[in-house]
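Produce the entire structure from the sequences given, and follow the hints as far as they go.
There are 2 protein chains.
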Amino acid sequence: MAEQHKFLMDESKIPEQWTNIAADLPGEPLPPLNPGTGQPLAPEDLAPLFPMALIEQEVSMDPNIEIPEEVREAYRLWRPTPLMRATRLEKALDTPAHIYYKYEGVSPSGSHKPNTAVPQAFYNAKEGVKKLATETGAGQWGSSLAFACEMFGLDCEVFMVGVSYDHKPYRRAMMETWGANVHRSPSDLTEAGRSQAEHTTGSLGIAISEAVEVAAGSEDTKYALGSVLNHVCLHQTVIGDEAIAQLEMAGEYPDVVIGCVGGGSNFAGIAFPLLRKKLKEGLDTRFLAVEPAACPTLTKGVYAYDFGDTVGMTPLMPMYTLGHDFVPPPVHAGGLRYHGDAPILCALVKEGLIDAEAIPQTEAFEAAVTFARAEGIIPAPEPTHAIRAVFNEAEAAKQAGEERVILFNLCGHGHLDLAAYQAFMSGELEDLEFSEAEMERALAALPEAPSVA
Amino acid sequence: MAEQHKFLMDESKIPEQWTNIAADLPGEPLPPLNPGTGQPLAPEDLAPLFPMALIEQEVSMDPNIEIPEEVREAYRLWRPTPLMRATRLEKALDTPAHIYYKYEGVSPSGSHKPNTAVPQAFYNAKEGVKKLATETGAGQWGSSLAFACEMFGLDCEVFMVGVSYDHKPYRRAMMETWGANVHRSPSDLTEAGRSQAEHTTGSLGIAISEAVEVAAGSEDTKYALGSVLNHVCLHQTVIGDEAIAQLEMAGEYPDVVIGCVGGGSNFAGIAFPLLRKKLKEGLDTRFLAVEPAACPTLTKGVYAYDFGDTVGMTPLMPMYTLGHDFVPPPVHAGGLRYHGDAPILCALVKEGLIDAEAIPQTEAFEAAVTFARAEGIIPAPEPTHAIRAVFNEAEAAKQAGEERVILFNLCGHGHLDLAAYQAFMSGELEDLEFSEAEMERALAALPEAPSVA
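So the protein sequences, as listed, match chains Y and C.
Residue 48 in the working numbering sits at position 48 of the first sequence, and the numbers go up by one each step.
Residue 139 in the working numbering sits at position 139 of the second sequence, and the numbers go up by one each step.
Among the hints, erroneous ones may be present.
As the list makes no split between identical chains, a pair holds if one copy fits it or if it spans any two.
Stated by the list, open to error - List of simulated lysine-lysine pairs, DSS-like, C-alpha gap at most 30 Å:
#: 1; residue 1: 278; residue 2: 13
#: 2; residue 1: 91; residue 2: 126
#: 3; residue 1: 13; residue 2: 300
#: 4; residue 1: 6; residue 2: 126
#: 5; residue 1: 130; residue 2: 91
#: 6; residue 1: 131; residue 2: 91
#: 7; residue 1: 398; residue 2: 278
#: 8; residue 1: 277; residue 2: 300
#: 9; residue 1: 277; residue 2: 13
Simulated from the structure, these hints should not be mistaken for lab results.
Structural data, given as structure tokens:
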């Protein structure tokens, strides 16, 4: 047989600790700010929304944080995920590069999101919370949290962006199958929803406001977020930790590590453990964060304090931002349409430890179809962007005549996103322009805050 | 940690041979008949439709048939599939039974179908065929063959039942992503299609006729079938062979083996290797084939020679049948709506080696939702029927106070069938009655043929 294709590990190899990259950063990280006072946020400011265990993780500087046994137990349903060598793709691309991908699509909801949904549900249940409220756009996060809540006996209330609720009934069916209560947002269940009733198609910003209102208004209900925050990125590091062990099985180590970036958590998941290894061992690994050309936060945004949500209810976070009310064009990779990025990831980009690149969606889908024909997996719209970057690296290796090792995170499958492929196959998928003018408008509305320079 | 959940094997453990259960049957199997002459079919009668290697497998009495290296190479993309112990489900059901499932949903198309699509494409390519034509209903088979053809450089032409083409655009997008040319059936590309133009919603029978016409009318095009035939059941036995090795890892052996039955191939895949073991070693294993109450071929059909297709173009096959033009009600498990069953499976049911049971779809989906909440996997509509039977066995074990071991085949995921769950969750899923009168009508049209008694 040819080169080994799959590198599997049994469940005893599920990591016992999460990797907290905050401990590896030079200096103290910039704190989030209370938007009312402009002062650094105190942990107790977050207590109405999150359980204490997660707030502690959010500000922790411990290099490693133990994964509770109950969480590892739940992870066993799908973890460790496979590491694959894309031997058929290498042939199709006629490249000397060795291409590896960590496949997170084997999880219940088909993406990396349950890696954090499960511990979030666990810690909330442990602290006596009865219900989690959240928002969801395309549905990846809502379905992951629905399943995690089911596992730990929590109720789950999901505010789903109206246009997705109408056009993605199958994601809703998935959430309901796992026991969640799904509302079309804007709803008439909250003040925020009622005040935005004229925005009939909804937005992630409105849905966040609704979920936060529900959580803040009830003693035994908390809020859960699927990306951006430190504790979310932390939980995702099981991806990279497993990958390191599996690369050892393969006897190789990557020259470049690639992932797509929306809020930043799947990229953090694959990159942070390998970044720590690079820093500790002086390795020469390159890290490449890939974003959509239509929403190029890291490559065109400014580094500043901004709100995490559209309507301006969250703490101010130091990050690359296009402005909190920047409206990105409706690219198919809904999970990448975010005006900012995880502060911890932004700090690493700022330090020059992580490179960033923007890719137009037609190029991304073209690469994804080649990938699907070679490897059999139809990627979710988000990682198609990472795949195009992988192709570029593979071509560069070919031009250089070098056997470079590429690792990327295939963070989810596209079974519930086939409309995007339908559009691409029928020639109807278009590149959507990034609007400098829209960014200028949105950046003019940045909140007053200390400089981050 | 609790009991191990996943039993994984690396790709070196992909079986090297398929299990040909025909060699284990008492006596010679009844031959298929030429419908024109009533005489046993000669291998060359099939040559316009199938390559010689598959025709030889169709009639082979060799106990084992070697899996070509190129096929094992392709299987590596997703095989060996995991064997799972449903520990969380056992708890949810509060049963002393140990429940194991072989999960075929990890394949590119999300079901067991690529197990035979890949060797079929391989043998055709090896004999110089340029294109495969086939039909598909819900799309599981068409998408599997599309991917397999892509792997071996064949063109693939799929006639998709009109109503599915209209309502399942995502399955079509999947086939097109993998390079297939998909036509709505009835089409105006074939005589058969044009003659049935008034049946605008189409039927599997018409789609078969169109694909067969395309194959028969071209020197370098052949036809491919996704179930029923001996060589198809043969290819699926990798499922059971792997399961035996994985059960050994678990240190257990099943008391009962369960699978759903449409044409019979996924059931054959899990059951035949364990059935051989039972026959050889005198084990006490029970085998249970589960069909939908709305199309109860094995439990209510007659054992007779009948056509394999609706319109009466195929050879006559000895099988349990409801009559070849029996119209089953539109249950969501489209893959189980078949008037007959694989002759080899029927012979084993006739011999009393395999039991059969019929399950209504509401009971099946109710069980599937419990399964999905416990194990995280949302099953395809077809295996929901097997899952209900598993629940019944688990309850029987509880009543008996016995630690029975149950093995079933979870032959696919339901990501592209969530409309069925949507119907169930909203209370709109109904049980559809089996019509004795419709069966009587269809049985009156059985072709003239020798008795099989």
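Each hint tested on the structure:
no.	hint	result
1	278 with 13	within (22 Å within a copy, 35 Å between copies)
2	91 with 126	between (50 Å within a copy, 20 Å between copies)
3	13 with 300	neither (40 Å within a copy, 49 Å between copies)
4	6 with 126	between (36 Å within a copy, 26 Å between copies)
5	130 with 91	between (52 Å within a copy, 21 Å between copies)
6	131 with 91	between (49 Å within a copy, 23 Å between copies)
7	398 with 278	within (25 Å within a copy, 54 Å between copies)
8	277 with 300	within (29 Å within a copy, 64 Å between copies)
9	277 with 13	within (19 Å within a copy, 33 Å between copies)
Violated hint: 3 only; the structure is consistent with all others.
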